Amino acid sequence: MSSFKRDKKEEEDGGGNPFQNIEKTTVLQEARLFNENIINAKKCTHILTKILYLLNQGEQLGATEATEVFFAMTKLFQSKDVILRRMVYLGIKELSSIADDVIIVTSSLTKDMTGKEDLYRAAAIRALCSITDATMLQAIERYMKQAIVDKNPAVSSAALVSSLHMTKMASDVIKRWVNEAQEAVNSENIMVQFHALGVLYHIRKSDRLAVTKLVARLTRMSLKSPYAVCMLVRIAAKLLEEEETGNDSPLFEFIESCLRHKSEMVIYEAAHAIVNLRRTTSRELAPAISVLQLFCGSPKPTLRFAAVRTLNQVAINHPTAVTACNLDLENLITDSNRSIATLAITTLLKTGAESSVDRLMKQIATFVSEISDEFKVVVVQAIRALALKFPRKHSVLMNFLSAMLRDEGGLEYKASIADTIITIIEDNAEAKETGLAHLCEFIEDCEHTSLAVRILHLLGKEGPRTKQPSRYIRFIYNRVILENPTVRAAAVSAMAQFGALCPDLLENIQVLLARCQMDSDDEVRDRAAYYSNILKQQDKTLYNNYILDPLQISIPSLERCLREYILTNTEEPFDIKSVPLAALPTEEEKQINNQKSDGMLITTGPVKPIPVSREENYSEKLSTIPALQQLGPLFKSSDIVELTESETEYVVCCIKHCYTRHLVLQFDCVNTLNDQLLENVRVQLDPSEGYKIVNEIPCPKLPYNEMGTAYVVLQFPEDLPNTVGTFGAVLKFVVKDCDPNTGLPDTDEGYDDEYMLEDLEVVLGDQIQRVNKVNWGAAWEEAGNNFVEMEDTYSLSSMGTLEEAVKNIIQFLGLQPAERTDKVPEGKTTHTLLLAGLFRGGFEILVRSKLALADGITMQLTVRSTDTDVAELITSAVG
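Per the working numbering: the sequence shown ends with 891, consecutive numbering throughout.
Hints were generated in silico from the structure; no laboratory data involved.
Since this is a predicted model, take the numbers as computed values, not measurements.
Any given hint could be a false lead.
Quick list of in silico lysine-lysine cross-link-like pairs, DSSO-like style, CA-CA up to 30 Å [stated by the list, open to error]:
#: 1; residue 1: K250; residue 2: K217
#: 2; residue 1: K473; residue 2: K405
#: 3; residue 1: K236; residue 2: K274
#: 4; residue 1: K250; residue 2: K236
#: 5; residue 1: K225; residue 2: K163
#: 6; residue 1: K835; residue 2: K473
#: 7; residue 1: K713; residue 2: K633
#: 8; residue 1: K187; residue 2: K748
#: 9; residue 1: K744; residue 2: K713
#: 10; residue 1: K180; residue 2: K217
#: 11; residue 1: K862; residue 2: K819
#: 12; residue 1: K123; residue 2: K163
#: 13; residue 1: K835; residue 2: K552
#: 14; residue 1: K479; residue 2: K444
#: 15; residue 1: K405; residue 2: K374
#: 16; residue 1: K54; residue 2: K128
#: 17; residue 1: K835; residue 2: K444
#: 18; residue 1: K401; residue 2: K123
#: 19; residue 1: K713; residue 2: K748
#: 20; residue 1: K36; residue 2: K105
Cβ-Cβ distance ranges computed for the label pairs, FRET-style [what the hints assert, rightly or not]:
#: 21; residue 1: E129; residue 2: P752; range: 37 to 43 Å
#: 22; residue 1: R232; residue 2: N734; range: 57 to 63 Å
#: 23; residue 1: Q41; residue 2: E129; range: 29 to 35 Å
#: 24; residue 1: G789; residue 2: N734; range: 30 to 36 Å
#: 25; residue 1: M719; residue 2: Q150; range: 37 to 43 Å
#: 26; residue 1: A146; residue 2: P30; range: 37 to 43 Å
Glycine included, every Cβ here is placed at the ideal spot set by N, Cα and C.
Just need the whole structure built from these sequences, with the hints factored in.
Next up, the structure:
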């Protein structure tokens, strides 16, 4: 073992990276040293280290280069030097996915794996398994089984971890090693026990009953490995989440018992599992919170950090449960570790009373400049939650955020502050002018183009509706003078919105736009000329359609539709209404996104791309199916609807794709029986009145645990009220019995079978796309002349509050709420909900819903649409 020690000179040389400036070509030339008759172990080890360094730094080797190095490296097996041999094993692992004919070293690795030298065996197993494929695995199966139960813990662990990696390519072979893995679970070594449990779980994870039995057996054992117990806690928590019985089960009792374990690691894992269970009550949370409270006073920084970070997350959904820890959290504000102090104070912000806000903000100010951007973002998220909780404190919070904006920081940090100020503005009308003033000051020195563009967009949307809109023009025009072309173009668009909504400012705006037409950038000049000509017309309809409510189409879909239009020989003009709209996030999706970011550590890095809409994703897939190409552009795709329970032998879910005249039902099916192969899988529908089945596309083959898709194409009824209905559904298929290990059928002949599915509903929202109307009032007035109007009054007896009524109306109609009317002010007994959308075929819809709370809820619904039948459909569907 003395060969592993560095000599004194090497230790003194110390700092710096000796491989910093090495080049691939030089190292590959040096690798020729491997071919010499007498092997210089020290030099060869150094060269191998360089190769491994390059590969781990992302350097790409071609197949020929990698193969040459690999075969030269195999000659080093002649050396008896321990360090060199272990480096060779690492080299084989790294090059196994690049080089050709790597199986040539199988016999050498097998020999080392079964040899007497313990220092070689574990590393040889890992290298061997990295080059082994499913066809070769059976040749070394006997050796692997022996290695799993080997007395040497390093060998046993290497075999178990390698088995775990190989489950991805040969799960059926690894399943045969279950007895050896079970024996390894009884090992005295903590890592062997942990790795054995991991292998057992991965072998059985698709069989819920087997996992339940495994957990039941191991919870009765006294596992020595704290790592294994932590994994067992995670598996038990996952099973609990899948159960519908609640937390009155032996699994929950086991997790709770782990709160009294001797290992701090296990105690924390159990507490973390309990607080993250969805159906946990305050009484069940109490023991876990108590444990985390004790950890807050631990002398170990890691435990304090883990405890306070978990309490920070619990405070999002259960702030009252964390209140008991407030004294301990206040003690952590002065913690020498700033990460702990940050999390402590942000947790207090979520759980504290309104009276303590000022004091807490002063405490944050003392150290916020000392922490990293990552933790500053956590502070900002906590301030956002506090602003929504205590609207009257918006002035204090806004001033603090404004000071943070002036500090140094990266894009993500500054963006989180801007987002928080925007959220406060949108949620609290009193905070609008203060927030806009802070953002105006910020863009004077903003270094980030994307952030400046977003703030200018907000100023254009909100500024014209303030008491003194003219005060914002100076800040916006400064951007035209001082900024880059992207920001200048955004500033021009913002000024145009002031011109459209503020007649008093129109003349001045036109002067500024005229100056912008002399800009050096094409985009800025074109926008200025475009908006100037529209504003000259002084036509509110033009303002609404081309300035205030611009096109909300999906850009990728527009590109695809234009490409298809160019390829077709037609003289008809391109119809912009044929392009699908860009999907808007629902209120539920917004809440989920807020919860994901709220209180969590957010990693700094590049701005994430805008997510592709559901319709764009499905449109690509559906356009490749010949039978669906003649249906035109996809209008809307629904959420996934489950038609079976998740634990049944056949799992089926449906996605409804709405086109202008057709409805395509996509049935995604999974066969969970490993002894059956399903063929010609299709769904037989019993459609409601008026629907006509046009085409059926079955799934030709459905092997075990693979997803297959069948389609049914229907034509919508001519009578619009009949488009809302319920379909009966039966899954039909041909069954062939097969070998569970190979998946090959026993015979060519099968037998017909069927499986009943849940009824499928086609609702009104499936045919409506959400449209964001920035100036809903102007659109409503304009619609009064050209649209059909229908009105009716309803009694919503099943709903107890205005908030519940608003939420259900939005969800049922599938329309987009406008002008923040989806939020009901506190204490109000009346509310007006404004909605907008587009019905398939391009028919616009505007809805005004007046709600009044008395003994029950009364609703007066007024619908305006470009089509009489659509207006009638909405009023009749609500009734």
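Check: Given the hinted pair K225 and K163, is their alpha-carbon gap at most 30 Å?
Finding: holds, 27 Å
Margin query: Check whether the Cα positions of K479 and K444 lie no farther apart than 30 Å.
Written below: It holds: about 11 Å lies between the C-alpha atoms, which stays within 30 Å.
Note to self: Looking only at beta-carbon atoms, does the pair A146, P30 fall within the given range of 37 to 43 Å?
What the structure shows: Given a distance of about 41 Å, which is inside 37 to 43 Å, the answer is holds.
Notebook entry, point to check: Does the hinted range 29 to 35 Å hold for Q41 and E129 at CB?
Noted result: Between Q41 and E129, where Cβ atoms are some 32 Å apart, the hint holds.
Notebook entry, point to check: Within 30 Å, alpha carbon to alpha carbon, are K36 and K105?
Noted result: holds, 19 Å
Margin query: Given the hint of 37 to 43 Å, is the C-beta distance from M719 to Q150 inside that range or not?
Written below: violated, 28 Å
Notebook entry, point to check: Within 30 to 36 Å or not, the Cβ separation of G789 and N734?
Noted result: holds, 34 Å
Check: Does the structure keep K187 and K748 at a Cα separation of 30 Å or less?
Finding: Distance ~23 Å between K187 and K748 Cα, so the pair holds.
Item checked: Straight-line alpha-carbon gap K835 to K444, limit 30 Å -> holds, 16 Å
Checklist line | Restraint check for K835 with K473, where alpha carbons must lie at most 30 Å apart | finding: holds, 19 Å
Notebook entry, point to check: Holds or violated: K405 with K374, Cα cutoff 30 Å?
Noted result: Within the cut-off at roughly 14 Å; holds.
Checklist line | Satisfaction of hint between K128 and K54, Cα-Cα up to 30 Å | finding: Holds, because 24 Å separates the two Cα atoms, which is no more than 30 Å.
Going through the hint list in order, the structure does not satisfy hints 18, 25.
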